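Chain by chain, the residues run as shown.
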Amino acid sequence: MISTNKPSRLNKIVSYTLLLLLAFVILAPFFIGIWTSFLPTMEIAKGNFMSTDLSLNNYVSAFTKTPILRYLGNSLVVSVLTMAAQLVFCSMSAYAFVFLKFKYRNAIFVLFLITMMLPFEAEIIPNFTTVKNLGMLDHYSVLLIPFLTSAFGTFMLRQAFMQTPSELKEAADIEGLNHFQFYWNIVLPYNKVSLITLGAYSFLGAWNQYLWPMLTTFSNNSRLIQNGLRQLQSEETFNDWGMIQASAAIIVIPTILVLFIGQHYFKSGMNEGAVK
Amino acid sequence: MYRNLYGVNKMSTILNQVSKNYGANNVILNSVSAEIETGEFFVIVGPSGCGKSTLLRMIAGLTEISDGEISIDGQVVNDLQPKDRKLTMVFQSYALFPFLNVWDNVAFGLKARKLDQAEVHQRVNDALDMVSLSELKDRKPRELSGGQRQRVALARAVASDAKICLMDEPLSNLDAQLRVKMRQEIYQLQRKLGITLIYVTHDQVEAMTMADHIMVLNDHEVQQIGTPTEIYQQPANAFVANFFGTPLINVMPAQKIDEYTLNVDGDFEIHMEQKITDKATKIGIRPGELSIEHADELSANATVKSTEFLGDETIVYATTNSGHDIRILLPGKALYTAFEKIKISSSNKIFLFDSLNQRIPMETGDLVNA
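Chains as they are written, first to last, in numbering that gives the first Met the number 0: chain A, 0 to 275; chain B, 0 to 369.
Since the hints were made in silico from the structure, they are not lab data.
Be aware that a few hints might be false.
[Unchecked claim] Derived DEER-like restraints, expressed as beta-carbon distance ranges:
1) A:132 <-> B:80: 53 to 61 Å
2) B:125 <-> A:11: 56 to 64 Å
3) B:121 <-> A:33: 57 to 65 Å
4) B:74 <-> A:110: 38 to 46 Å
The structure displayed is predicted, hence computed values, not measured ones.
Heads up, the beta-carbon is just placed ideally off N, CA and C, and yes, glycines get one too.
Excised from the complex, chain A in its bound form (with noise of 0.2 Å):
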């Protein structure tokens, strides 16, 4: 008992030290983040972190003195609907690959693949060219319409549609779905575990873009949030780092917001009971 015992203890002391170790280092520039964000700049100038002149006044003034919550609203409003966008389209298309049978198939479904080995900065160039010739430049529009669908959304969404157990197609045929009916009321249901990761994928991928906004907007009106950020660092001499501070632990919230929400849904289990 005493010699099975003893190496399964140090086993565990030494597996809790190593853990406990590595959240520290993950989670230690985190923390510091927030906490500074709660110091006058004057503190942060002079090094001195252990200060306890903690107050809400950088949130306040990242608030009143900047064009922040503008940049929030502009993110929220992309980042939603590319979210939107993407479920739908992804999901529809998907649909079409697993459900439908049409000429050619896997072929254009490779095609699809195809265009994820290239990456978004490698088309960055004749994107650039192309919104710009058609008057998208500073506009909401120049942020949603590269983003409406995605191929790896696709790929995914396809991939779990294909766990989709081919009885639960032969019911609905049975009892005289459509193919929309089929979608709606079967196949989203069915697979809300992965609409949500891509949800949560997608709109993560918005809210944190930072390339593609920078080269296209170039106005408050349009300018994101991770923009916004930079913008709020460089546009004055004098930069008021608390302040920044605040505004990076209020742009991180969403991000933490959607894990959280996420998580709850990621339960195993949630389509035992359909077949077996």
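Since the structure of chain A is already known, use the hints to place chain B on it.
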């Protein structure tokens, strides 16, 4: 065509030389013909891979028919969508919607068909009552046991007003005891509702106990269609004889010695009451028709391999001197041990098969093993 075959064109499901193949070399079903009467319990049985599920899916309209004709109530349905064939289907895997509770699962098809709400309520509640699931109507499928999930699938079929219900091995995922229980429930439901039930199974016991008529499929072809009694007592061929009855029937080569006597591969002789035709090359003996006695080396014709005591009867497995494995069913407890020499003899209630394994009908009555 089937008018000639079946006399009149009744309100029933008729399969007329239905075939399914994927290319010339991949034949799944070859020229299946049958008439399934309204209100009967029709079982399609056969070993795995014989095409029985395919046949069911062809009746449902989920699989296309390569050749032949299926008609339901006098209407050819070959090109009809599944939903227009007015039938329901219970799947082996139940095909429940995991995101809907029991009530909504049952109501799903009715809502899809746009029935009015009061009627949907009425039907779903009645169906759930009938399978005694009313208390569980708010549960999700994952919160149900296997048997309860099966009942939900049944309730779905019950709630529909379709007069034909197709079932594809609905009990194969249940344990043995539950299977017996559900077997009775399905049978009673079918009788109560008066629906035509077309039931696919690989289990000969299910077929024997529930069916009005059985279709035996093997090798992509219909072997025999008949009532359970006909199938058991007058099997069309060696395959059918083999498929029904536990323990397995003994099929062995036999030679005609004289008009009335058969020699079973040199092991023992059987004296028949009818004249034996020259075509007979094999015989089938049900294990219960054999009897054995202890014997010395000289008179013995077989050696015991093992015995299985089942309570009220015993199965003796033996090897004959000519090397055939043979099963003997004895009443009560029989005291035979492995490697013991025994002498086997048989009653004359046997089946004769020709060289193509087809049964040769006896002249006077066919009732063997009643």
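Assessment of proposed distance window 56 to 64 Å (beta carbons of residue 125 (chain B), residue 11 (chain A)) | Check passed, 58 Å falls within 56 to 64 Å.
Taking 57 to 65 Å as the hint, is the beta-carbon distance of residue 121 (chain B) and residue 33 (chain A) inside that range?
-> holds (59 Å)
Consistency of beta-carbon spacing, residue 80 (chain B) to residue 132 (chain A), with hint 53 to 61 Å | Violated, at about 48 Å.
Pairwise beta carbon distance, residue 74 (chain B) to residue 110 (chain A), judged against the given window 38 to 46 Å | holds (44 Å)
In the structure shown, a violation is registered for the earlier hint numbered 1 alone.
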